[in-house]
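Listed here are the chains, written in short residue letters.
There are 2 protein chains.
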Amino acid sequence: MAAGTVTVEQLRDFIAGVYQAVGVPEEQAGIVAGLMAQADLIGADGHGVFRLPQYVRRIRAGGMNPKAVPHIVQERPGAALVDGDNGLGHLATQLAALTAIEKARTQGVAWCGVRNGNHAGPASLYARMVQEAGMIGLYLAVGSANHLPPWGGLELLLSTNPIAVAVPAGEEPPIVLDMATTVAAYGKVKVKAQRGETMPEGWMIDREGRPLTDPKRANEGLLLPIGGYKGYGLALIFGLLAGTLNGAAMGRDVVDFNADDTTVTNTGQAVLAIDIAAFGDPAAFRAQVDRLARDIRGSQRLPGVDRIWLPGEQSRLTRLRREAEGVPVPPALRTQLDALATELGAPPLPG
Amino acid sequence: MAAGTVTVEQLRDFIAGVYQAVGVPEEQAGIVAGLMAQADLIGADGHGVFRLPQYVRRIRAGGMNPKAVPHIVQERPGAALVDGDNGLGHLATQLAALTAIEKARTQGVAWCGVRNGNHAGPASLYARMVQEAGMIGLYLAVGSANHLPPWGGLELLLSTNPIAVAVPAGEEPPIVLDMATTVAAYGKVKVKAQRGETMPEGWMIDREGRPLTDPKRANEGLLLPIGGYKGYGLALIFGLLAGTLNGAAMGRDVVDFNADDTTVTNTGQAVLAIDIAAFGDPAAFRAQVDRLARDIRGSQRLPGVDRIWLPGEQSRLTRLRREAEGVPVPPALRTQLDALATELGAPPLPG
Numbered sequence: 000m001a002a003g004t005v006t007v008e009q010l011r012d013f014i015a016g017v018y019q020a021v022g023v024p025e026e027q028a029g030i031v032a033g034l035m036a037q038a039d040l041i042g043a044d045g046h047g048v049f050r051l052p053q054y055v056r057r058i059r060a061g062g063m064n065p066k067a068v069p070h071i072v073q074e075r076p077g078a079a080l081v082d083g084d085n086g087l088g089h090l091a092t093q094l095a096a097l098t099a100i101e102k103a104r105t106q107g108v109a110w111c112g113v114r115n116g117n118h119a120g121p122a123s124l125y126a127r128m129v130q131e132a133g134m135i136g137l138y139l140a141v142g143s144a145n146h147l148p149p150w151g152g153l154e155l156l157l158s159t160n161p162i163a164v165a166v167p168a169g170e171e172p173p174i175v176l177d178m179a180t181t182v183a184a185y186g187k188v189k190v191k192a193q194r195g196e197t198m199p200e201g202w203m204i205d206r207e208g209r210p211l212t213d214p215k216r217a218n219e220g221l222l223l224p225i226g227g228y229k230g231y232g233l234a235l236i237f238g239l240l241a242g243t244l245n246g247a248a249m250g251r252d253v254v255d256f257n258a259d260d261t262t263v264t265n266t267g268q269a270v271l272a273i274d275i276a277a278f279g280d281p282a283a284f285r286a287q288v289d290r291l292a293r294d295i296r297g298s299q300r301l302p303g304v305d306r307i308w309l310p311g312e313q314s315r316l317t318r319l320r321r322e323a324e325g326v327p328v329p330p331a332l333r334t335q336l337d338a339l340a341t342e343l344g345a346p347p348l349p350g
Numbered sequence: 000m001a002a003g004t005v006t007v008e009q010l011r012d013f014i015a016g017v018y019q020a021v022g023v024p025e026e027q028a029g030i031v032a033g034l035m036a037q038a039d040l041i042g043a044d045g046h047g048v049f050r051l052p053q054y055v056r057r058i059r060a061g062g063m064n065p066k067a068v069p070h071i072v073q074e075r076p077g078a079a080l081v082d083g084d085n086g087l088g089h090l091a092t093q094l095a096a097l098t099a100i101e102k103a104r105t106q107g108v109a110w111c112g113v114r115n116g117n118h119a120g121p122a123s124l125y126a127r128m129v130q131e132a133g134m135i136g137l138y139l140a141v142g143s144a145n146h147l148p149p150w151g152g153l154e155l156l157l158s159t160n161p162i163a164v165a166v167p168a169g170e171e172p173p174i175v176l177d178m179a180t181t182v183a184a185y186g187k188v189k190v191k192a193q194r195g196e197t198m199p200e201g202w203m204i205d206r207e208g209r210p211l212t213d214p215k216r217a218n219e220g221l222l223l224p225i226g227g228y229k230g231y232g233l234a235l236i237f238g239l240l241a242g243t244l245n246g247a248a249m250g251r252d253v254v255d256f257n258a259d260d261t262t263v264t265n266t267g268q269a270v271l272a273i274d275i276a277a278f279g280d281p282a283a284f285r286a287q288v289d290r291l292a293r294d295i296r297g298s299q300r301l302p303g304v305d306r307i308w309l310p311g312e313q314s315r316l317t318r319l320r321r322e323a324e325g326v327p328v329p330p331a332l333r334t335q336l337d338a339l340a341t342e343l344g345a346p347p348l349p350g
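If you're matching them up, the sequences are chains A and B in order.
Mapping to numbering that gives the first Met the number 0: the first sequence position 157 is 156, numbers consecutive.
Mapping to numbering that gives the first Met the number 0: the second sequence position 341 is 340, numbers consecutive.
Heads up, some of the hints might be wrong.
Stretches of chain B that chain A covers, calculated by requiring three or more beta carbons in the stretch to come under 8 Å of a beta carbon on chain A [said to hold, decoys possible]:
hint	segment
1	1-13
2	18-31
3	172-185
4	240-250
5	305-315
Keep in mind the hints are simulated off the structure, nothing from the lab.
Backbone N, C-alpha and C fix where the C-beta goes; we use that ideal spot for every residue, glycine too.
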């Protein structure tokens with residue numbers, strides 16, 4: 000274990016202890032802690048323990064229900080709507096993923112939506128849950144703050160609504176795409192500001208439409224969608240599917256959960272599970288995915304390019320490294336987590 | 000009717016006559032002709048009658064089966080795999096869409112894939128088929144020629160694999176997204192070349208990674224994906240879902256149907272249908288879509304922007320205009336179509 004790191008088990012137990020200290024039942028605290036520690040393990044640092052102080056603040060402010068019991072409110076053989084009971088977003092979204100997997104085993108394909116949920120961490124978690132069950136998983140979410148205007152507009156009516164898709168392979172690692180529909184996620188802008196770096200042109204524009212490269216001025220600016228109107232279209236469609244369809248917030252109704260701890264967010268997510276066996280021989284499919292992955296990885300590169308990556312390979316390498324060396328906890332975050340544990344009388348993070 | 004135009008009915012009847020002249024049965028010829036004329040009506044000019052000479056060439060060369068009977072080869076309550084019997088791609092893809100609609104009515108959601116199909120025209124056709132049945136439709140396809148390298152690569156292992164999603168509204172027009180995963184579709188590059196214009200930076204790069212702006216040199220260049228590695232990831236995932244999952248061609252197996260008239264393409268597509276009623280009250284959903292569309296359209300604009308568009312509004316305006324004024328047939332295309340009709344002894348296009 001490298002200095003300044005903790006094991007994923009230590010991280011999980013710490014998070015679970017903090018949740019129990021604010022009234023989350025032991026079982027639910029364990030589920031959410033496991034998923035948040037998983038986020039840190041795969042390098043989604045802005046979606047793991049980093050979010051714990053904010054989630055706790057929201058619970059203590061009455062904006063999120065620590066005793067939530069997510070449940071299915073409407074279903075069909077291949078579809079279900081989960082009400083998250085305004086609890087930690089991971090609980091409702093996991094229920095949607097597990098329900099989609101179970102239904103897809105007989106129906107071939109199933110789609111489960113969430114309403115009245117909350118921020119649920121990195122998109123890939125839920126797509127991978129389906130993939131680990133041997134199926135293809137797709138996940139869509141409405142982001143928890145609007146940072147994107149419609150194409151040509153100035154008003155932040157859309158979030159960076161992400162998509163994740165996880166596809167099982169045979170001997171190769173699964174192919175796992177996890178992306179926001181903006182050129183840069185808002186978290187990346189924050190990191191640039193922390194480091195005192197400038198942003199590349201193309202990440203943001205100011206309110207006159209000029210490139211904005213100073214991340215300290217990010218609150219004056221607008222994120223740009225990938226491919227211009229195309230990324231705007233994707234953000235809108237993913238929001239309709241993950242939000243509006245489920246009766247969850249979308250557009251002007253989206254609550255900025257960074258700025259507001261008390262208003263119910265009514266966050267929406269959606270999970271699709273596809274049983275590969277419904278379309279053919281799963282072993283043949285997996286062999287084809289292997290072949291494609293190897294064709295791509297081994298293909299001719301542009302000058303100066305060292306390696307061609309498949310989606311998901313970089314976070315997989317991070318996971319393997321962190322499993323061996325531990326999950327780094329930067330000093331500023333550790334100070335924050337120590338203070339949180341002390342304040343709540345919860346067991347501190349070891350190390 | 001403006002000069003140089005035809006009605007959509009004239010176009011459909013002309014296309015159907017040409018197909019019958021090369022051995023396509025009357026009913027199938029009518030179905031495909033209707034869908035191709037619809038493509039021209041909505042302004043997808045590169046996907047309508049423009050493709051007829053190429054499709055006919057492929058049928059006459061033995062590369063496509065004029066007597067194809069697409070059929071379901073495997074199914075579950077919420078899933079089906081259609082074999083296109085190597086016929087006109089529209090037939091198999093329409094069967095997939097109609098099957099998905101029928102299954103979704105009871106299952107809530109259904110996904111139908113196609114293998115052994117062919118180029119099927121604009122993506123939005125099939126998403127809109129589902130939307131016209133009152134559901135949300137999603138369509139993915141493997142493009143019919145590889146124009147895209149993996150991110151950082153030089154080899155054309157991917158196509159511009161498109162996505163279309165159509166979402167019903169109430170009083171507002173449906174929201175219809177139809178986009179390739181590249182910054183520019185290859186057809187747009189061809190149009191620039193025809194017009195003697197240069198391409199903007201960001202559409203293509205040359206084999207050294209430098210911007211390529213001369214469309215006449217397009218065959219030396221590589222299309223760029225939207226959002227860099229993100230668009231590459233989307234093209235790969237859409238290809239896995241529309242191609243590999245169905246046992247259809249993907250990666251190196253994709254046949255360039257512009258250059259090769261005889262090799263079976265084994266093109267793959269996929270259609271998802273979501274019954275809105277499985278997730279809540281359809282009328283409430285439609286009202287929310289209306290509100291969102293109006294919020295977006297009426298929102299504050301960047302300096303110099305006249306109008307904020309919803310996805311699908313521009314092709315809808317084209318459709319309304321062409322219904323009133325006719326579908327334009329440029330002189331070069333008319334010459335080609337007249338020659339085709341003469342050669343086959345088919346009724347010519349009026350006008």
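>> Please verify the coverage claim for the segment 1-13 of chain B: does it have three or more residues whose C-beta sits within 8 Å of some C-beta in chain A?
In response: Contact hint for the segment 1-13 of chain B vs chain A: violated, 0 residues under 8 Å.
> Are there at least three residues in the segment 18-31 of chain B whose beta carbon sits under 8 Å from a beta carbon of chain A?
Replying inline: Per the Cβ count (0), the hint is violated.
> For the segment 240-250 of chain B, do at least 3 residues have a Cβ located nearer than 8 Å to some Cβ of chain A?
Replying inline: holds (count 7)
>> Is the coverage entry for the segment 305-315 of chain B by chain A consistent with the three-residue Cβ rule at 8 Å?
In response: holds (count 5)
> Three or more residues of the segment 172-185 of chain B near chain A by CB distance under 8 Å?
Replying inline: holds (count 4)
Checked against the numbered hints given earlier, the structure breaks hints 1 and 2 and satisfies all the rest.
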